[in-house]
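Q: Order-wise, the sequence lines are chains A and B.
Each step along the first sequence adds one to the number in this note's numbering, with nothing skipped, and position 70 is 70.
Each step along the second sequence adds one to the number in this note's numbering, with nothing skipped, and position 28 is 28.
Honestly, the hints are just simulated from the structure, not real lab data.
Do not take every clue at face value.
[To be verified] Here are the simulated lysine-lysine pairs, DSBU-like style, with alpha carbons at most 30 Å apart:
| # | chain 1 | residue 1 | chain 2 | residue 2 |
| --- | --- | --- | --- | --- |
| 1 | A | K494 | B | K252 |
| 2 | A | K318 | B | K75 |
| 3 | B | K86 | A | K318 |
[As the list claims (entries may be wrong)] Partial list, computed: chain B residues near chain A (C-beta under 7 Å):
| # | residue |
| --- | --- |
| 4 | A24 |
| 5 | V28 |
| 6 | P37 |
| 7 | W74 |
| 8 | S77 |
| 9 | S99 |
| 10 | I100 |
| 11 | A116 |
| 12 | W117 |
| 13 | E134 |
| 14 | D189 |
| 15 | Y236 |
[Stated by the list, open to error] Label pairs and their calculated CB-CB ranges:
| # | chain 1 | residue 1 | chain 2 | residue 2 | range |
| --- | --- | --- | --- | --- | --- |
| 16 | B | N49 | A | L348 | 21 to 27 Å |
| 17 | B | S222 | A | P346 | 50 to 56 Å |
| 18 | B | I63 | A | Q207 | 23 to 29 Å |
Glycine included, every Cβ here is placed at the ideal spot set by N, Cα and C.
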Amino acid sequence: MSAIPADSQRTETPRMSLSAFFTTYVFSKDHKIIGLQFLFSTLLWFLVGGLLALGIRWQLAFPWQDMPVIGNMLFAAEGGQISPEFYTTLFTMHATVMIFFVIIPILAGAFGNYLIPLMIGADDMAFPTLNMLSYWFMWPAFMLIGSSFFTPPYGAGGGWTSYPPLSVMTGAAPGSELAQTLWLLGITCVGVSSMMGSVNYLTTIIQMRAPGMTMFRLPLTIWAMFITALLQAFALPVLTAAGFMQVADRLLGTGFFIPEHLVVNNSIPASGGGQPLLWQHLFWFYSHPAVYIMILPAMGMVSDIISCFARKPVYGYKPMVYSISGIAGLGFIVWGHHMFVSGMNPVLGMTFMVATMMIALPSAVKTFNWLGTIWGGKVEFTTPMLFALSFVSMFIIGGLSGIFMAATPVDIFIHDTYFIVAHFHYVLFAGTAMAVFGAIYFWFPKMFGRMMNDTIGKVHFALTFIFLNGTFFTMHILGVVGFPRRLADPYPYKTFEHLQPMNEFMTYCAIAMVAVQILFVVNFIYSIFYGPRCGRNPWGANSLEWMAPSPPGHGNFDFQPVVYRGPYEYGSPEVDTDNYPQTQPPPPKDVPPTSEH
Amino acid sequence: MIDRAWSLFFLMVPILGVGIFVWAMVGVYPMEGLWLPKNVNEYGVIIDNLFMFILYLTGVIFIITGIVMFWFLWKYSASNNAEPVKFTHGSHMLEIIWSILPSAVLLFIAIYQMNAWADAKMRRPMVTNADGEEVVMLPVARVTGRQFEWRIQYAGADGLLDTKDDVFTVNELHLPAYEDVVLQIHSEDVLHSFFLPNLRLKQDVVPGMDQYMWFKATETGSFDIVCAELCGWGHYKMRGQLTLESRERFDKWLANLRAEQLLSVFDPAADDGDE
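In isolation and in its complexed conformation, chain B is listed as follows:
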């Protein structure tokens, strides 16, 4: 009889597993703030929804298989089941059913995700240029990963990188909210990964490759920039800060930065730390 109790042990897996997830999702003591960090990207909602969709789907399968396993162990434990074992080598029909059903679900998940993936990594925002043609949006800044900092180079007034009016800063990325923004990311030395948890964006930064990221922020505020690919002993220190602000404030900040930069180029002594 005590033997049967082991099946309860396995019943705890779906109960506690689902319990912990629900607890974290609801976010009450002691599990406050243990869910997806606040999303401030228009596109990030899609990722969050897909995540929740898969969570519910797998959650249902998790509960069903867990309870079925418990029930079989409970019912068919040797101490309980007096009947002779069901001598069977399987059922062709069942095998077909439980092959086709999951494959249909899995294929559906895969195809369902494709559009979101294309939006995230393939469909860079377009703009209409002076000649009325649709062209890809140029990056507002280039972010260069380097052991162990993010160097940021703004395209400046002319909208082109590597021109005279570029503006430089380190680890402090300011960007305008409420509009499409394109970033070029780049590495100077080893692999890094440019991770913005609150924008649901991540892209490995590969030396020798220029890559682009884009998003449309829905809020202002300051958020973490995380390096998510091992880049050496100081990997944990490679921390940046993303400040999302209104267009006017961003333009003003950039203009100030440019003025400060011109100052420091021509007269370094004049840099009196006006921040």
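Chain A on its own, in the form it takes in the complex:
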């Protein structure tokens, strides 16, 4: 972290005392340092999650074969091959790490923290100490989930959805012993961290906007972060409660989720009278809005990037805001579409089907508006723009494949097959992760005062894009055949025995996709130290963060920003320049700054 000087001038300060070092870089209350702490932590976990995915891919391509080189180090007891117990742990941990340690914290934690005060013209968050705590509450989660992975006899293996009774009955699976309790407590810590963040974001966005920054002059990134924070604030308490109920079932014998007359592993549980479906309702009441928590901020950032590099205002700013709000509102009444074949009342399934179909509408409106933004612009194919465009292109696939699952009769067949695995990887990896890469390339100059290499960035983009489609698009086809998820070895089934070559192809693509990320890592680390220095506004953007020094010092702005207009006035006829920053006073004859945009 030594590469983040407090000021772009890199003023030589005398050697820092140890306590000053700790308060500046470790237990910092500066939103930018906290944002970077989130960024570095989540990128490291991204690597872990990716390697776990390769383990899954290995088993599906070459079931029960020794893993070359590393197999004997990892699974010496099994003679170098993945055991079925370990396979369940692998996909449980892959999803857990990617969702709770990468996507949610990298969007809300890293970019939310870094961008919110800068983009609204504030000097910091409303509650800096709470902000610091929200990062440090991730560490107990890291440790609990990390130790859950290594808890004997096997790590948590109930899937990231942790459906009881499998996850509650300690005898039900090797990974259902102590590991599952640690897993549940770890998730609760992530929830506490997110909750602290969301309260902070809401307060900051409502209270600390710069003069002239009306709600409808906020960049869409901030609107998305705002709505995301609302989703977290209202949905998380349910998950936290449900998590504690499951812990109570496990440790105190309460039996919220355990019906009577079970016989698990030849033993009869002491408690009963509960209902496994209750967990699914509570879990998805959080985890469906969480799906939007994992995509809305990406949509916001993509809107900013596309507008900047199309050199044109966002098409339909207000419809974009209403779509984000619409997705969030509908997001609370669609959780049942995860449960169409769960045994839930089928009449309820129809209601959820209609709500789920309708949530495709705001997503469609957003897509049309992104295309409208490109129309008539001057598109500059920079690395961040390519990633942002790929988000739109891939989100169309992820959005359209969702319609198959929303249709209840079709869902009977494709539920729990690779069709759904393809769907959410298109939304979360091809969508969100690509947007995150774009956002890193875009805001890196602001974060570190230096540019990343554009050529390496483009190669990184092109290869990632090709290999991700090789890995994930083929999953649709597997899903059409009915290939189920979470099977350690599907090939003994007559229906699926011929699918191994295709899985092998996907595994090669996945390995290449992970390998290509070395380009990103090298580019990222090298550029922090040796990238060419940039000024305040290397992309010629309009929003407030680009008016601050790169990187901004403590307190962010070296002047009091006053906002005169919205963030997307590119190519405005009012001025001769291409961009028209939010802080630039209008030409004299213009209307006063307080008028509504």
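Add chain B to chain A, keeping to what the hints say.
A: Only chain B this time, still in chain A's reference frame:
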């Protein structure tokens, strides 16, 4: 100029995407058998048709949006577009059009599916009983999911479960084809999901709940029973086999099984493996 080439990159998405689907649908080398598995359920045709309907509909949208995106990027790349940018904040009329059109289509899809859903999960087949009343059909068997096997209990001659003449078997589900069949499914321990890919049927098996599935097979043959809900380390091993056969063969098989079962109850030593 080279910049513009990136738009071709995005053009490959609809081309290859549609290409792969068409390839798999046609099923030529190397993508043979990579489409919906053979359907042997009278009702499954409806699901397949709905699937194809949505596939064509989304396919058209996919192609149009993909090509529009390519065209905009190609035409309006900075190196190509010498005109000043179109300074606009959007069009109220367009927003209304592209809100109402998709919502009408989506609502249509939702309402169009409801009947099929009701047939699959709500309208259990009816039979006329001795008193001439319409009553729901009773299950011919109960399938109990258990780590990691399917236990099957046939109602036997009296048509009632949990009576003395019930017949038991494991993982080998035989059922008559060409007629309505109702199954009761049940779990003894954790969640399972009873998945019959060739019959387009799937139902999670929830401990503490009795659920029913029904279908009418259009063919005889043997098909996979898959567990589709994570049920523990041996989830992948929870494999059953469904044998669909004519009524006579099914009755004969069941009678044999019952005879074998009686044999093994009274004299286990007599079980000489006559299968």
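Q: Work down the list of hints and note, for each, if the structure agrees.
A: Going through the hints against the structure:
1. Of the supplied pair hints, the one linking A:K494 and B:K252 holds, its CA atoms being roughly 26 Å apart against a limit of 30 Å.
2. Note on A:K318 and B:K75: the hinted pairing holds, with a Cα-Cα distance of about 26 Å set against a maximum of 30 Å.
3. With a C-alpha separation of about 18 Å, the suggested pair B:K86 and A:K318 falls inside the 30 Å cut-off, and the hint holds.
4. Annotation: interface hint on B:A24 holds; nearest CB of chain A at approximately 5 Å, less than 7 Å.
5. The beta carbon of B:V28 comes no nearer than 14 Å to any beta carbon in chain A, farther than 7 Å, and the hint placing it at the interface is violated.
6. Hint on B:P37 holds. Least Cβ distance to chain A is approximately 5 Å, under the 7 Å limit.
7. Nearest Cβ of chain A to the Cβ of B:W74: about 9 Å, over the 7 Å cut. The hint is violated.
8. For the restraint placing B:S77 at the interface with chain A, the shortest Cβ-Cβ distance is roughly 5 Å, inside the 7 Å limit, so the hint holds.
9. Interface hint at B:S99: satisfied, since its Cβ lies 6 Å from the closest Cβ of chain A, which is below the 7 Å cut-off.
10. The closest approach between the C-beta of B:I100 and any C-beta of chain A is roughly 9 Å, which is over the 7 Å cut-off, so the hint fails.
11. The restraint placing B:A116 at the interface with chain A holds, with a minimum CB-CB distance near 4 Å, inside the 7 Å limit.
12. About 4 Å separates the beta-carbon of B:W117 from the nearest beta-carbon of chain A, less than 7 Å, and the hint is met.
13. A cut of 7 Å between beta carbons decides the hint on B:E134: the least distance to chain A is about 20 Å, and the hint is violated.
14. Given the 7 Å rule on beta carbons, the hint for B:D189 holds: about 4 Å separates it from the nearest Cβ of chain A.
15. Satisfaction of the interface hint for B:Y236 is found here, the shortest Cβ-Cβ separation to chain A being roughly 4 Å, below the 7 Å cut-off.
16. Between B:N49 and A:L348 the beta carbons are some 25 Å apart, a value that agrees with the proposed interval 21 to 27 Å.
17. One distance hint, 50 to 56 Å for the beta-carbon pair B:S222 and A:P346, is violated here, with the actual separation near 29 Å.
18. About 47 Å separates the C-beta atoms of B:I63 and A:Q207, a value inconsistent with the hinted range of 23 to 29 Å.
Hints 5, 7, 10, 13, 17, 18 from the earlier list are contradicted by this structure; the remaining hints agree with it.
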